[in-house]
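Peer 1: Please model the entire structure based on the sequences and the hints provided.
Protein chains in written order, with the working numbering: chain E, 46 to 369; chain Y, 1059 to 1389; chain F, 688 to 1008.
Source of the hints: derived by calculation from the structure; they are not laboratory data.
One or more of the hints may lead you astray.
Cut-off 30 Å, straight-line C-alpha distance, at most; resulting in silico cross-link-like pairs (DSS-like, lysine-lysine) [said to hold, decoys possible]: (1) F:Lys732 x E:Lys181; (2) F:Lys882 x F:Lys989; (3) E:Lys313 x Y:Lys1338.
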Amino acid sequence: MKLERDDLLKLYRNMVLTRKTDESIIDGIKTGRVVSFFHSGQGHEATDVGGVTFLRKGDWAMAGVRGHGVGQAIAKGLAPREFLAEHCGKATGCCFGWSGFHTANLELGLPGYWGTVGTTFPITLGLGIACKKDGKGNVVVSYFGDGASGRGTLHEAFNMTSIYKLPVVWLCENNMLAINMPASEAVASKDVADLAYGYNMPGVVVDGQDVVAVAEAVMIAVERARAGDGPSLVECKTFRFRPHSEGGKMIRGYQPIPEEEIAEWRSKDPIVLFRKKLIEQGIAANVELDKIDGDAAAEIAVAEKFVAESPLADPERMFNSLYA
Amino acid sequence: MSKVGIISNPASGKDIRRLIAFASVMDNVEKTNQIKRIVMGIDSTGVDEILIMPDYYCFGLRVVSDLNSVRLKAKISVLDMPVTATMEDTVNAAKIMGEMGVGCIVTLGGDGTNRAVAIGSRKTPLVPLSTGTNNVFPIMVEATVAGIAAGITAQNILNGDGFSYIHKRLAIIKDGREIGMALIDAVVVDQLFVSSRAVWELPDVRQIVCTRADAKNIGLTSVAGVLHPLGAREAKGLHLRIGDGDLKVRAAVLPGLFADVGVQELQVLDPGDEVQVSLKPSIIALDGEREVAVQPSDDVKIRIEIDGPPVVEIDKVLSAAAAKGFFKVKN
Amino acid sequence: MADINFARAISQALDEEMARDEKVYMIGEDVRAGVFTAQAGLVQKYGEERVIDTPISETAIAGSCLGAAIAGYRPVADMMFDDFMLICMDEMKNAAQWRFANGGFIKVPIVYRLPMGGYVGLGADHSRAMFSPVMHLAGMKVVVPSTPYDAKGLLKTAIRDDNPVCFFEHRLLYRTRGPVPEEEYLIPFGVADVKKEGSDLTIVALGYMVQWAMELAKEYEAKGVSIEVIDPRTLEPLDIDTIVKSVEKTGRVLLVEEDMTRCGATAEIGMQIMDRAFDSLDAPILRVGAKNFPIAGGPMEKLILPSKNDIITAIDKLLGR
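Peer 2: This is the structure:
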């Protein structure tokens, strides 16, 4: 698909809103508003947003662990306030406030979140079976990290999506760290994309800091899936700007990651890079992008107030939720 | 002391062309195998030292480790340089190898890999091995044989010229300053971003400038190749304006992917000729990868030069070496 | 009312529900052929799109059911052996918890069919009765039928339930016969069946053990001992009221299951009886189950699994004989 100006600005907006929501959660942890833990997705915005923004209604976006799926949720149309409220244990959260940190909205194509790394592989397989049965051309874009690529669930799900030719795009966010375990020591093939060929599907590598590159590659894979040509794997090389979990340290193996290296990663901030390109290529003026930034900040401020004024999760509702 | 360098790109063969077309796949395990064969080929010729570029996949360390039990005559090592896992590694390695006086570099990758090598070093002769079907500059040849040719070249065993030729190249000139280069083609596309790099939407292509054109290659140069074949050793270049018109050709623009391309104008270029980039803003794809962003205020030209890297003619080297009795073993 | 076997009852339930609702499909290893022949003819009738054969990938089978259920389908997975469900326990746990942990608005209609049980000599890897592990998955319903009638009615209910259900099918029951009505019927979950009324002693038995309890109850009847046999049929939800009522009447209770007694389903049932009916007990609750060992293979398995003699000994002990 060719991205028009509005599409490009939408990508920018979604990335900025994702970052600001992420920042608000981190701030909430420091100030005690947030009742759960958080695995910040800062640095991943281009992949989180780029792979989902141009999906259509009926398509599923299955988030991995990082960022608790904030980017995918926002790109699918979830209001940040619902994400924030959920993390603050409020009844106005997208899961009514007792999940701690989950994101789900079936209307928007968010099937639910799970914190166990690699759990999403077989669930994605099932969503893919459903999409194929529906016959409406819907697809699943399913995120996982280099860490999850160590799970056996990957093998079973990759194999079965391929043999059944299911409309699935596997999207690997390779940020080179699984908690603290470096991918260089944990991923035998180095490029996760190399795994694809063993499963008879294409595997490609793109720059995960370049939101247009991610969107372009994923949408090609999506069109392929819609056409009935089966699954593919898009590996996005990216960086995790923050520790595995808030409050932790930036560690690789058991040693601190050097400050210069973190600074080098941060110099590839996908939002800053995209903003620069939009201006250089004459697509948007500074003032216009500033307005998007300002609107996002305002939306988060309003959302924070909304969350603060929201009631806590309803115990009765929770206890009535075990069975349908 | 004779030295041969090996530069292999772990990222080659993984771009988006596998999704949009049927581009070939060569994984890093096979590249590692090929490097072993290159090393054995080089070693068979009696070269003193073999240097391998370091990279994130660690081809060099794997090869050295896997060949542990093989008695190599040559000293083999991995270059001591930082690894950034970007194209800069290739540029840097070629530069260092050039400065170390390496007599030949074997490259393993596509057109883009060789372009990066040429940015780092334009003096050292290259034996370019292709890792896919979508390339013009590197060739498909058995890695062992490539190693032999590189070893003979590095040791200067053959007298006289004619065993290599200087490849043409395209310099990208922005506001009078060279900002990039291509070995095969520079293509102006109506796009705004480098993003996933490959070029496949033909309606977006406006200009093709190329150093070679051959109907037996695929890619955008094949558009020129079916109209006006141009050999690698001919001191000419071509410029095509693409768009609707009377003339249309069917060309394999990607592996297994055809497009009908309208050619409005075909112009033969002489060394030093410059082609103005007329579309702004736009992107220039160099050797198949979107690379240079042209902004509205830029003045960008593409100039053809005959000052690219020397390319070893493997067939000629091997037959001349055979004629000279190089492969005979003394009792 | 026709007399059919348990396997036929299962396949009738599958057939009827697949005909009734096109969202129902079957998935599993060798599900087209059907290893235990409980689904003969279904692939011919409904096609391979609805009888999905899979590679040996239990994790993917179990987890895919969750994905498809979220998207509105009603998968029925055949796990072949309940022992194999431990391979995909994470997926089954997620299926059980997905609704609750994601806001309580997602429906997860799945049936995990779990062929199970010993007395066939299949050894430690294929013989377990694992009710209690799935009773630990909050959000999972647990069904253990003992007759063709119950199997059909409960399986139809399981398929229509909007929650995940573990449905245990003892291999030795497949060929047992019993009356099953021609017309459609459903059996609600959480309703125990009093298989035989009695006044001297209550036996609560699970699955295949119900058959033994019934045989022994008849033998004791001849000796003038009146035994009441209760089949809870579903362990979650558990109809403890019916059990308590019986205990209040008889004052003596024996719990029989094929699983290990340690942390077994009967441990839970026994404790609930203690909570609710301690004052009615004339004797301590007794349990018969497998020894706390892996199941041995071949003929040696009978040294591990509960036997009729174990039950007789327990009955006599409870009656003070």
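Peer 1: Now tell me, hint by hint, if it's right for this structure.
Peer 2: Here is what the structure says about each hint:
no.	hint	verdict
1	F:Lys732 x E:Lys181	24 Å, holds
2	F:Lys882 x F:Lys989	26 Å, holds
3	E:Lys313 x Y:Lys1338	26 Å, holds
In this structure, every one of the numbered hints holds.
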